[in-house]
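Those sequence lines, one after another, are chains Z and F. Mapping the first sequence onto my numbering, position 243 (from 1) lands on 243, and the numbers just tick up by one. Mapping the second sequence onto my numbering, position 287 (from 1) lands on 287, and the numbers just tick up by one.
Please note that the accuracy of each hint is not assured.
It does not matter which identical chain is used: a pair holds within one copy or between any two.
As a list, the in silico PhoX-like pairs of lysine-lysine whose alpha-carbon atoms are at most 25 Å apart [stated by the list, open to error]: (1) Lys224 <-> Lys411; (2) Lys394 <-> Lys440; (3) Lys61 <-> Lys155; (4) Lys155 <-> Lys76; (5) Lys146 <-> Lys86; (6) Lys405 <-> Lys76; (7) Lys147 <-> Lys371; (8) Lys144 <-> Lys371; (9) Lys147 <-> Lys58; (10) Lys58 <-> Lys101; (11) Lys405 <-> Lys147; (12) Lys119 <-> Lys101; (13) Lys411 <-> Lys394; (14) Lys144 <-> Lys344.
If you're looking for bench data, these hints aren't it; they were derived computationally from the structure.
Number of protein chains: 2
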Amino acid sequence: MPQLGLLPGRAWTVLLGLLRPPPGALCIRAVRSHSQVAEALIASQLKPHQEKSNFTIKTPKGTRDLSPQQMVVREKILDVVVSCFKRHGAKGLDTPAFELKEILTEKYGEDSGLIYDLKDQGGELLSLRYDLTVPFARYLAMNKVKKMKRYHVGKVWRRESPTIVQGRYREFYQCDFDIAGQFDPMIPDAECLKIMCEILSGLHLGDFLIKISWKDVRHEMVVKKGLAPEVADRIGDYVQCHGGISLVEQMFQDPRLSQNKQALEGLGDLKLLFEYLTLFGVAEKVSFDLSLARGLDYYTGVIYEAVLLQTPVHAEEEPLNMGSVAAGGRYDGLVGMFDPRGHKVPCVGLSIGVERIFSIVEQRIKTFGEKIRTTETQVFVATPQKNFLQERLKLIAELWDAGIKAELMYKNNPKLLPQLHYCENMGIPLVVIIGEQELKEGVIKLRSVASREEVAIKRENLVAEIQKRLSES
Amino acid sequence: MPQLGLLPGRAWTVLLGLLRPPPGALCIRAVRSHSQVAEALIASQLKPHQEKSNFTIKTPKGTRDLSPQQMVVREKILDVVVSCFKRHGAKGLDTPAFELKEILTEKYGEDSGLIYDLKDQGGELLSLRYDLTVPFARYLAMNKVKKMKRYHVGKVWRRESPTIVQGRYREFYQCDFDIAGQFDPMIPDAECLKIMCEILSGLHLGDFLIKISWKDVRHEMVVKKGLAPEVADRIGDYVQCHGGISLVEQMFQDPRLSQNKQALEGLGDLKLLFEYLTLFGVAEKVSFDLSLARGLDYYTGVIYEAVLLQTPVHAEEEPLNMGSVAAGGRYDGLVGMFDPRGHKVPCVGLSIGVERIFSIVEQRIKTFGEKIRTTETQVFVATPQKNFLQERLKLIAELWDAGIKAELMYKNNPKLLPQLHYCENMGIPLVVIIGEQELKEGVIKLRSVASREEVAIKRENLVAEIQKRLSES
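From just these sequences and the hints, can you work out the full model?
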């Protein structure tokens, strides 16, 4: 009785009496939305009409729908990001939208108040995930995974005061790439920086720079590696003067550093990192930043952040709010927090600020008045005559079955002009036209919307001709 | 000061004193996850160690992580589904994970108790979405959209008693396609059935059948179209005897129906639907079902459900629980519930039961012991010698920059055998090997993992050669 899917669970309980749910019923929840919608209608009929508009129809504060235009922009951006993650061998992973409340507790310091909790409806206490990093660490600890390179694209939720005009929301996407595992030093770290560069270049957002916090690196040298503070500060002078790529070379030319064994040791990781970044061809994109600081003791390695440097490309564009578009770093202690014995799994990763990037690209599209196609339709099936619905339906089914993206008007007798206008508005490149003349001659007219050129093509060659044209364009 | 992104909001408040947040700070939430993770570590250091394992590390009841293997399966299935939706000209749309509680109220009848509410933390009362149809209707009413063909793939949440072994979860995916708008009768309805057929064929799940509820169609004829009940039952006899494609033809050969004007009128929509389904080449996949029934008065048109017919393909497979894998129908009244004046926007749509399909495909993969690649890596960069990390890094960056998916071991001096084993385990097709000999001769060894064949290729021709091999495979 697989048709159970058409009835809400409780209605069936009544109908079936003592019958046990049949095996076929197992997934009915997933496919029954339309019947519940129908259910809704009876509910509305039972209530007086005036009751239904007691509240404003809106999305919750700090959230928004993504329109078809925005979906296209988002899809293109995510495609660049995810392609890069896959290019670097990352596996996909998905985690639930909510976690046990305790999983998130004590992970976000004072920001914990911004976590969305679910109502206690009996059972476990739950919270919406606040980022993708804590769920990843929970996954690693729970499954005792010691080594994993994964990416995760998903929504997270934070109860912040929303300032929507600036593109900050309570629901937003994160795109994370992380490498978990014990490896030789700085290789995964350098790869994370390389990935940031590839993505930011690939998105054509204009020039960018990745800043590494010097204060944290100094702290690491002094506290963890035992370098004398004055030697660290000597290095700091170089950081301040030169930054980035030339840093290490310059330092090694300074006898006060190059002849100080301790200094050389302290510089080890830094030297490695810049060596690797140079081999990756991105060292000039990375430099130290003195103002950037965490200043806290828990820091376990390099922390970095990518910023856009200027208004992109054209002078006539409105100035954009530049800012942080990616961030990352090392967090070697988090997984251990979930392990009963505190076993650590070192991790390094990065997060692409896609919401920020969405706004930049959207603003740019607006500035340039660029038109975005919201469908991918390749062919429109039109007719200039009445009573051609049957022929149109037969024809469009042929196209669909050949994998061609096609549309027609849901009208028995549409006029030709609105059909052609629709194609122009929607950016559909090709129209196939069938009428009496064509039917008699066994041909179809194929029209290019851009050039308005029309050619007659034998019906049996139509699909091949369309596929040829589409592959050429 | 775009580096704000590295600090949680409150830490900055302290550091910056009275400074107003700079413009660059607007998106820092989206990119700061890694710093919060670091934040977490100090929290853990401040707490006694034993406190941290007071609870079991698990996902919430009725939810699960999707492993990389499951993600690959899911991605392939969603790709078939979404490609089909796009082939039919649908636009994408996304809505927030939660809605104002009132939006969902009175939409799901007795199942309303299964809605997840968010905790009242001040502000609006919110609930997690229960399906994608109500948010779609809310979107249409809110934006006064009268016509739209959209698809939506997203998670929904229902507080059901989970029976996880059977693949039923409290968090699951829905894939919906809907056509909103006033159109000539049965054209969008027929397209929805065509889409179901295309997707189920495209997924190669074995034979399937789409069942239309006869009782609802009868109700429509008698109550809405005023057909005499005995004439409707005469039609019902045909439905019972013949079902599906031959139904309408058979009926028109019965003089008791074909000579009854009222019957002919009552049959109008049914005739149209089967005419269109025949033109679409899917009429034989659709038949009436007598046991299938809603039995409720709110029904506004054809309601249908797709079921798998048998254990697919091979006799040696374990028998699968067949059942409903898609459902859909007409819901002409829902949008009007959100409109202050009750303006209606007729809608018809379908929902693919992807969770059910995930389980079927996963079970099949298990049965066949099929191996699934969880990465898309095309080339592995290996060395047989020590001290070749630099060369490997330079080489892999060239590959990444050429868009080639490549990996290497994060080890200074890996042994060759583990590198080759990794490729075999992960299904990576090509290995490039660089050692002293190759470096001296300006070549790279290119190895096919399957054939173990190795050829030396000039360094400068390597990328082109790899791209050639990949395009051929």
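Hints violated by the structure (listed by number, smallest first): As far as the earlier hints go, not one is violated by this structure.
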